[in-house]
Amino acid sequence: MNPMMTTIRSGARRGVIEFKQSFFTAQDLLGLLIPNTILIVVMIFMRGSTVGTTGFSLGTMSLSSVLGMTVAFSGMMTVMQHLTIEREDGTLLRAKAIPNGMLGYLVGKVVVVSALSVVGLLMILIPGLFLFDGLAFDTVGSWLTFIWVLVLGLIATMPIGAVLGSMFSNPRNSGLMSLPVMGLVAISGIFVPLTQMPDWLQPIGQIFPIYWLGLGMRSALLPDELVVVEIGQSWRHLETVGVLGAWALAGVLLAPIVLRRMARRESGSTLAERREKALQRTT
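So for the sequence shown, numbering that gives the first Met the number 0 puts the first residue at 0; every next one is plus one.
Mixed in with the good hints there might be a few duds.
Pairwise CB distance ranges, derived in the manner of DEER restraints [unchecked claim]:
1) M196 x R259: 16 to 24 Å
2) P98 x P197: 51 to 59 Å
3) M166 x G231: 30 to 38 Å
4) A135 x R12: 35 to 43 Å
5) L252 x G47: 45 to 53 Å
6) P222 x M3: 41 to 49 Å
7) P202 x G47: 28 to 36 Å
8) T52 x R264: 50 to 58 Å
9) I146 x E238: 50 to 58 Å
10) I33 x T90: 22 to 30 Å
11) P222 x I97: 50 to 58 Å
12) A185 x E238: 50 to 58 Å
No lab work stands behind these hints, which were simulated from the structure alone.
We put the beta carbon where it would ideally sit given N, CA and C, even for glycine.
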């Protein structure tokens, strides 16, 4: 069998194993349950508010947007956290030491992060279908839109997470990225339509994937009459594909270069140095 295909199959199996293990690890389970539960509770309190003059529930609109935000968080933050943690514990160094090890490692990350992303979406979507009125998620077109936005969103955001993860050798420092990411959420029309924000903020929000993932999910789950609160009164599917596709292409070109450079810097001595610093912080 082709060595490359063998590596890809091995990496995929590794990803499936890691995904299954997530359901037997308290930290991973809490990481799925607590944020999603908080989001649902917040949106329940928003049900009484309406979107502009449409009379449509702001909670229902936000539910759709939050699904897009969840994809972005999974792609960027989860990949970044996995990468920084596994640099410190030596997983990356072991992968580097075997033929095509980094390829297998990356395939495994793609599998596990994609699977966890789907689980996270379902944890919000399934209760949302019962708790929020007005969702239009009952046609083949809605499901197809949901799927292509999800797939393209992961392709666009996971390389970003890999690049960000390569910047931090200490998992505790990677938490600093949460602040700018939350800032992007605030200006990406997730909880308030972008059209209700200052004119100067709207172009900035549209640069990044979070806005387009939220828009794509809204187009899949909301009735067509809600398009009136969007920019240009359009779901802008072609623009969504274009922007997410551009981020995906940039990430696919840049991430392998950055990861190769990071892998070259990994050695037994650098790993020992990081572990010594970690021990000093805990004593």
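Check: Does the Cβ pair A135, R12 satisfy 35 to 43 Å?
Finding: Since A135 and R12 have Cβ atoms about 38 Å apart, the given range 35 to 43 Å holds.
Check: If you check the beta carbons of P222 and M3, does the distance land in 41 to 49 Å?
Finding: holds (46 Å)
Item checked: Whether the CB-CB distance between A185 and E238 falls inside 50 to 58 Å -> violated (21 Å)
Check: Is the distance from the Cβ of P202 to the Cβ of G47 consistent with 28 to 36 Å?
Finding: holds (32 Å)
Checklist line | T90 and I33 - C-beta distance against the hinted 22 to 30 Å | finding: Holds, since I33 and T90 (Cβ atoms, about 25 Å apart) stay within the stated range.
Next item on the list: Confirm or reject the claim that L252 and G47 have a C-beta distance inside 45 to 53 Å.
Entry: Given range 45 to 53 Å: holds, Cβ gap about 46 Å.
Notebook entry, point to check: Does the hinted range 50 to 58 Å hold for I146 and E238 at CB?
Noted result: violated (19 Å)
Check: Quick one: are P222 and I97 within 50 to 58 Å, going by C-beta?
Finding: holds (52 Å)
Notebook entry, point to check: Has the hinted range 16 to 24 Å been met by the Cβ atoms of M196 and R259?
Noted result: With a Cβ separation near 39 Å, M196 and R259 fall outside 16 to 24 Å, so the hint is violated.
Notebook entry, point to check: Lying within 30 to 38 Å: is that true of the beta-carbon distance M166 to G231?
Noted result: For G231 against M166, whose Cβ atoms are near 36 Å apart, the range 30 to 38 Å holds.
Next item on the list: Indicate whether the distance between the beta carbons of T52 and R264 respects the range 50 to 58 Å.
Entry: For R264 against T52, whose Cβ atoms are near 56 Å apart, the range 50 to 58 Å holds.
Notebook entry, point to check: When you take the CB atoms of P98 and P197, is the distance between them in 51 to 59 Å?
Noted result: holds (54 Å)
The structure fails hints 1, 9, 12 (numbered hints given earlier, in ascending order).
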